[in-house]
Every structure is written in C-alpha cells, then in structure tokens.
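Just so you know, the protein sequences line up as chains P and G, in that order.
Following our numbering, the numbering of the first sequence begins with 1 at its first residue and continues without gaps.
Following our numbering, the numbering of the second sequence begins with 1 at its first residue and continues without gaps.
Check before you lean on any hint, since a few could be wrong.
[To be verified] In silico DSS-like cross-links for lysine-lysine, where the CA-CA straight-line distance does not exceed 30 Å:
| hint | chain 1 | residue 1 | chain 2 | residue 2 |
| --- | --- | --- | --- | --- |
| 1 | P | 32 | G | 399 |
| 2 | P | 110 | G | 19 |
| 3 | G | 254 | G | 236 |
| 4 | P | 42 | G | 254 |
[Claimed, not checked] So the derived list for chain P, only partly shown, Cβ under 8 Å to chain G, looks like this:
| hint | residue |
| --- | --- |
| 5 | 16 |
| 6 | 20 |
| 7 | 24 |
| 8 | 28 |
| 9 | 49 |
| 10 | 52 |
| 11 | 53 |
| 12 | 73 |
| 13 | 122 |
Derived by calculation from the structure, the hints in this document are not laboratory data.
Just so it is clear, the structure is predicted and the values come from calculations on it, not from any experiment.
Even glycine gets a Cβ: it sits at the ideal position worked out from N, Cα and C.
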Amino acid sequence: MTIQEISEQIVSEFSLFGDWMDKYNYLIELGKSLPMIEEKHKTENNLISGCQSKVWLHAAFEDGKVIFTADSDALVTKGLVSLMIRVFSNQSPREIIQADLDFIDKIGLKEHLSPTRANGLVSMIKQMKFYAMAFEMKG
Amino acid sequence: MKQNVRTDFPILAQQVYGKPLIYFDNAATTQKPNQVLEEVSRYYREDNSNIHRGVHYLSQKATVEFEEARKFLRDFIHAEKEHEIIFTRGTTESINLVASSFGEKFLQPGDEILLTAMEHHSNIVPWQLVCEKRGASIKIIPVTPEGELDLNQLPGLISERTRLIAVTHASNVLGTVNPIKTITTLAHQHDIPVLVDGAQAVPHLTVDVQDLDCDFYCFSGHKVYGPMGSGILYGKEQWLDALPPYHGGGEMIKEVRFSGSTYNELPFKFEAGTPDVPAALGMKAGLKYLLDQGFEEVIRYEEALLQYATRALLNMGDIRIIGTAREKVGVISFLVGNSHPYDVGTLLDKMGIAVRTGHHCAMPLMEWYSIPGTVRASFALYNTREEVDAFIAALQKVKQMLA
Ligand SMILES: Cc1ncc(COP(=O)(O)O)c(C=O)c1O
C-alpha cells in the first residue's frame, strides 16, 4: 500500500471512535502491539531525546525500501510511534520524503505534533525523513 | 478567606475539552485574580510613564507607585530596609545576578559553592557558569530518601574554601520546606553567606528574612498570583554594597564619562534600564490579594488540602509519593504503578486536569531517585476538595487505561 492509502485506512479506523477515551485506548493498544525494536538497536545513538518520553528509532534499507523499527518508554507516545512506523516503514525514500502527515490532524491527534510537546515525535518524524534522504542519496 | 475566591480568577471558569478546568500546576505559575489584572491595566491606562527621570506629573506618579511597591515588598518579607529590595524579572534573574556579581568579586580558583541535591536548575546552572569562569567548584548537600536535606553532612561539607551556600526554601518537586535558620546559623559561624531560593516558599509560608538571617532571598511574582516577569532579589545591605553591578545601562549610574563611570546607590545600582513597572505593581497587587484573604488562614487551608490529597492518593493504592518530608508546602510528586508520568499527564489533561510531568527542572534530583520524572500536583488557595476528588476519580480511570 502507498503512504496515502495507509493514511486513509488509519483515518477510517479512527473515525469509528466516539470519544477521546476510545481513541486513546486504541492508541495505547497499538503501542503495546508495536513490534519492538531489537534490543541491540536500543542505543544512545538511536535515541531521540524528547525531554519527557524517549523514542528509539532504527532504520535499515532493503530492496529499495526503508525499514523502520522503534520503541518508546511511554505508551501514548509508543502508540503514535506505531502509527508512524505503519505509514513510513516499507516505503521508498522518495515517498517518505514527499509525504505529508495530514492524517494525524484528521484523527484529532495533532496536538501531539506540537514542538513544545516534549514527546520526541516531531524529532522522530524529522529523523525518519533524514534517513530517507540519506538512503536516497546512497541509492 | 472569603467563600468564593474562585470568582476572582476569571480563567478558572473555563472548560477544556468540554470539561471544567482543574488547575493543579500552581508550582509552575498561579492564576491571576481580577485585582492583579485590573492593576496592570490601570497602570497603562492611567499612569504609564518612565520612572525616576521625569519632572512631569505622570513620571512622578509612576515613580512613587514603583517605590511604594518596593516598600510593600520590604514589609512583605520583613526586610529591614527598602533599598535591600531589588526588582528583577524573577527568581532566575535574581540568582544569576548574585552568582555573576558575587563570583566576579569573591570567587578564586579552588573556591567552593555549596548547593543541595534538590535545587531547581535555576539555582544550579548560574553557579556552574560562574564556577567554570572562576575555576571554582560545586559541592552538594545530599537528601534523604524521604526528601529532606541530610544536614548531618553539612559540617563535613563546609571547608575553608566554601564561599557561599545556595539552598531552596521549599522544593518544587518534593514540597520539602528546608530548615533555613539551621543552615544560616552554621554558615555564619564560618562567615559564609547564604542565598535562599524562595520561589516555592513565598506562596505558602510567611517569610521573614531577618528571622531566617539569610544574606540573599529570591522569588518570582508569577508564582504568587502576580504577573510574569516580576520578582525580587533581597540582599543584606552590606552584601549588596559589596557586590559589583550586574548589568550596565541607564538608571544604575551616577556619572558617566568615557574615562569611567560611577555607580548609583542601592537599589538602583542593580536596576539598569527601564524596569517592568506594571509587573512590580501587579506583584504587589497579587501579594496584597494573598494577605487580604488572611495569609494564616490560607496556609491552614492549603495544608489541609495537601493532607486530604495525600491521603486520597495513598488510599488509591499502587501510588508512590516522592517526597514525604515532615514539613511540606502544597506540592505532591508521585508515580502511578509503573506508568510513565508523560502518559499519566497526557490522559489527565484529556479530562481537564492540568498537572506537571517530567523532571521539573531538577534533573539531578531525578537521577538521585533513579526515576525519569514524576507527576506533580500543586495547589493554590482556589483549589478545592471537590477538585481533589475529581482528580482521584480521573486517576483511577488513567490507571485502568494504562494497565
Ligand atoms: C524552586 C524554584 N526555583 C526557581 C524557579 C525559577 O523561577 P522563574 O522561572 O520564575 O525564574 C522555580 C520555578 O520554576 C522554582 O520552582
């Protein structure tokens, strides 16, 4: 699936929730089911320091696609991280670089992308795009 | 304390995410009563003018009000002389002023500054900066697991090279009220001055700097119902006289020649440039508001609320309170089971409850407790038991969601 298709899928999944609590419960579930980053990749180097919650992000390049794995020490952050992984992992560098992330706004979680949020997500998205650019250049 | 203080605070009437706002982040900043909002806007509507320099009517009037505010602050912290009160932008600026000016004059390579393990970054980093410049070093008074200063260690930490002790009056994380008099007594036996960070104490305790016998005392108006950008540095006259100026500019000089300038007398020596006059007047209005409610009564009310909330939290089970000192201000730091404070804070926010999460600008203290941060609820005079009940009910939900 393309980034666009996955994003739309996520928007339609979230449209089922009536209130914030269902939405966050789902987010927390998503976080718990996130295929974790391999322990050996949970290094200082892969740590995106968001001040309050930590995010670890690892990237690999296989068959022209970027494979991301990640983890966080906070569950809500982890849920959001899992959405990013779902959207960006297994895509080509070009698509990742060009993607916008409207879907976060559409599912009503935009507040988590505020730079003052201190959850590491904004830096994580930047880092994902950086990886994509680096892989594209190496091509 | 009058019945419905909440009506004095217009911001509290709002809903967030469709739920009544419960504001438990008062240690970060308190909300402002109408009396303060009114005073700030009245100043701009009626009296705005630059102070100390004008011969005209408005300038005179604004100057008198500014100096009246200084006298009010002198009385509020029971200082001896009004020129011992320096207006600053807040605690952080006050501490930077002392660290910089004191360091320049009195710190030599090999000298030592004593801090405690529970200091806010504001009372750590200015000392690090000046110590690095002067080749001095910092030593730390440790805390006990309960969150009290381990003062048994103090005599051993004081050395011939100790030049100053800087300590917080009340901890913004643990709530602990520190025994300042014990510290100043011991310090003065060795002729060591003591700086007290009063940011968290002034909203909750009657402060008497002469009784404490501290050499410097700092606090921020915005944590005591006043405007942001307001605050003071108190210093004993002999110390303020001995320190070189901090910032240069207008107002702080007597004579300026290109061959050299002479400095104005206290307090103006430390008040370079146009001060934030409405902030100073607003700070006075905020403190006056607190006194008008009956400070003693407010203190008793907040103490009872703290105890009520502490008991309710402990009754919930699976809660770890960080900071269980015997004497505390209205601050409770805690952890919910193994949950990350960020998750707890995010979900409470969704229920309209404002708490603080994270390291609270006290990373060394977090390291000491080996925790990533805490959730912190902190109270002001407008908080109620009903709010605490709603907070506990919300926490129960959060616990279920994160389980
Ligand atoms: C104990 C303590 N010291 C210093 C500060 C810094 O105060 P301000 O940011 O108002 O300068 C704070 C508040 O954040 C505090 O809690």
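Hints versus structure:
1. P:32 with G:399: 15 Å, holds
2. P:110 with G:19: 20 Å, holds
3. G:254 with G:236: 22 Å, holds
4. P:42 with G:254: Distance ~61 Å between residue 42 of chain P and residue 254 of chain G Cα, so the pair is violated.
5. 16: 18 Å, violated
6. 20: For residue 20 of chain P, the interface hint holds, since the closest Cβ of chain G sits about 5 Å away, which is under 8 Å.
7. 24: Holds, because the Cβ-Cβ distance from residue 24 of chain P to chain G comes to roughly 6 Å (cut-off 8 Å).
8. 28: 6 Å, holds
9. 49: The hint is violated - residue 49 of chain P has no Cβ within 8 Å of chain G, the shortest such distance being about 12 Å.
10. 52: 5 Å, holds
11. 53: Holds, because the Cβ-Cβ distance from residue 53 of chain P to chain G comes to roughly 4 Å (cut-off 8 Å).
12. 73: Interface hint status for residue 73 of chain P: holds (6 Å vs cutoff 8 Å).
13. 122: 15 Å, violated
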